[in-house]
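Top line first, the protein sequences correspond to chains A and B.
First residue of the first sequence: 41, per our numbering; consecutive thereafter.
First residue of the second sequence: 83, per our numbering; consecutive thereafter.
Careful, some of the hints might be misleading.
Partial chain B-side listing against chain A, Cβ under 10 angstroms, derived [as the list claims (entries may be wrong)]:
id, residue
1, 87
2, 88
3, 116
4, 180
5, 285
6, 292
7, 293
8, 296
9, 336
DSBU-like, lysine-lysine: derived pairs with alpha carbons at most 30 angstroms apart [what the hints assert, rightly or not]:
id, chain 1, residue 1, chain 2, residue 2
10, A, 118, B, 178
11, A, 248, A, 69
12, A, 88, B, 221
13, B, 333, A, 115
14, B, 98, B, 178
15, A, 216, A, 115
16, A, 88, B, 377
17, A, 110, A, 122
18, B, 333, B, 132
19, A, 157, B, 98
20, A, 131, B, 277
21, A, 170, A, 95
22, A, 118, A, 197
23, B, 377, A, 122
24, B, 178, A, 197
25, A, 152, B, 132
26, A, 54, B, 377
27, B, 221, B, 165
28, A, 197, A, 95
Since the hints were made in silico from the structure, they are not lab data.
No residue lacks a Cβ here, since even glycine has one placed at the ideal position from N, Cα and C.
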Amino acid sequence: MELIEVKNCYKIYKNGVTALADINLSIKKGDFVFIIGSTASGKSSLIKMLYREEKPTKGNVYVGGINVAKLRNRKVYKLRRKIGIVFQDFKLLPKLNVYENVAFPLESMGIKKKDIKPRVLEALERVGLKEKVHSFPNQLSGGECQRVCIARAIINKPKVLICDEPTGNLDPKTSKEIMKLIDYINKEMHTTVIMATHDRDIVNRMKKRVLLIDHGILKGDFAKGSYKENEAI
Amino acid sequence: MKPFRILSKNIKDAFKSIFRNFSLSFASIICTTITLIMVSIAIIVSINVKDFTKAIENNLSIIVFLDRDSSIDDATNIQKKLKKDSRIDSIIFESKEDVKNQMQKESEVFNSIMSEWTEETNPLQNEFSIKVKNAENLKAVSESIKKLEHIDSVKYGEEIVDKLIVTFNIVEKATIIIVIALILVTAFLISNTIKITIYSRKNEIDIMRLVGTSNIVIKLPFLFEGFILGIIGSIVPIIITIYGYILTYDKLNGHLFSNIIKLENPSNIIFKVSIVIVVIGAVVGMLSSYRSARKYLKI
């Protein structure tokens, strides 16, 4: 079975809005996939479904063998421990420093302090923030905050890294660096990356598989490098 | 050990959050304190009331008035018959002369009036004062005595006892209602405190959920917070129970109004009552925070 499989998936919100209609897709282990589409196209709903922030109204979503659609609320944490999530707004805890923010998932899992330390330092080294261990989020730049968020996402060595517009709040130069980092994680750690974005530059430059979503429908599935800018987003 | 690490972290978090929302925590603690003081008073009163009614019932005697024209011989006959009844504990006979003498001693007015009475003109009646072994048999014994000859009337203070019991029942029920109402108010306040804690930590909770923290680990600090609020709220009531009751007991010399109504010895009950109070505080605290955690965490 593929690492991620979405079968006949519908998402209809309570107010009657159909966010997704009959989505079918599969993603292999180690893939790097962009999900693109304009605002309100349904790409966020799709991404949120993968980490079970939303439940599909109909259909099945398999992530690493778990049927997310049938996952009970109290079991959701099991899924979340297998995936890393990177957010547009970083979602760091302002009262914790960089080290504590990255250690947060491990601490809440009840892992020993002495086992947490090497893992946190390793993750921070990967994202290049080892010297900012004691800084607080408000002392960091946007790019650095995003690196902390990525470090926290990879601390559990997840199979999948889900990125919801990770460069949305960053300038082009910083975005480039962050993309380099995510690409590095994909290649070095063999982590599957699924990234929602509407940054054309990044999509064009990276030459990865692209899924185009428009009005809740999967309009196109472009294999690595075959997506061209003129096929309007 | 993993569970202990999670536990100690949760307890720390709970204390932190109590101090973070100090004004609200303080309000819930005060409310818990007042409620538990009431609960304590209610429990102590109801324990003692049960004893009072028992004591009063056991001290009751049946007074049997004989006909005015009955002789001392008739009385001796009746006494013989009564002695055969196994339900009767003791029988004291008082002739109308005895009653007259007693009343004369009690007051000057009676004395002057009664001194003119002779054996024949004495309007008083010969009487028996009877004690039964079991207060429950009061009614049955009086009924059977009524059937004997030369009996004018039988009285056993039925109305007074009934009135007392009714009064005590009302007092007991009223305290129970007040206590339940107060417990509800406390539960509401504590769950409100927890709700505000949850809202103030909403961001943190969202992130916890996203990074894969299990629900129980998210919920536990809030349950502990409620638990700790309940326990802190029960400290003052326990102190008041222990010292208040001992003081009252000593002040009243161990009885209320008269020697018949004895108060329960402090050493017998204060310990039990204290435990009940802590348990109520902790349970109410935990249940109300559980309610909030379920309602507002939505996990």
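Check your understanding: What are the numbers of the hints that this structure violates, sorted from low to high?
Key -> Structure breaks hints 3, 4, 9, 10, 12, 13, 14, 15, 21, 24 and 25.
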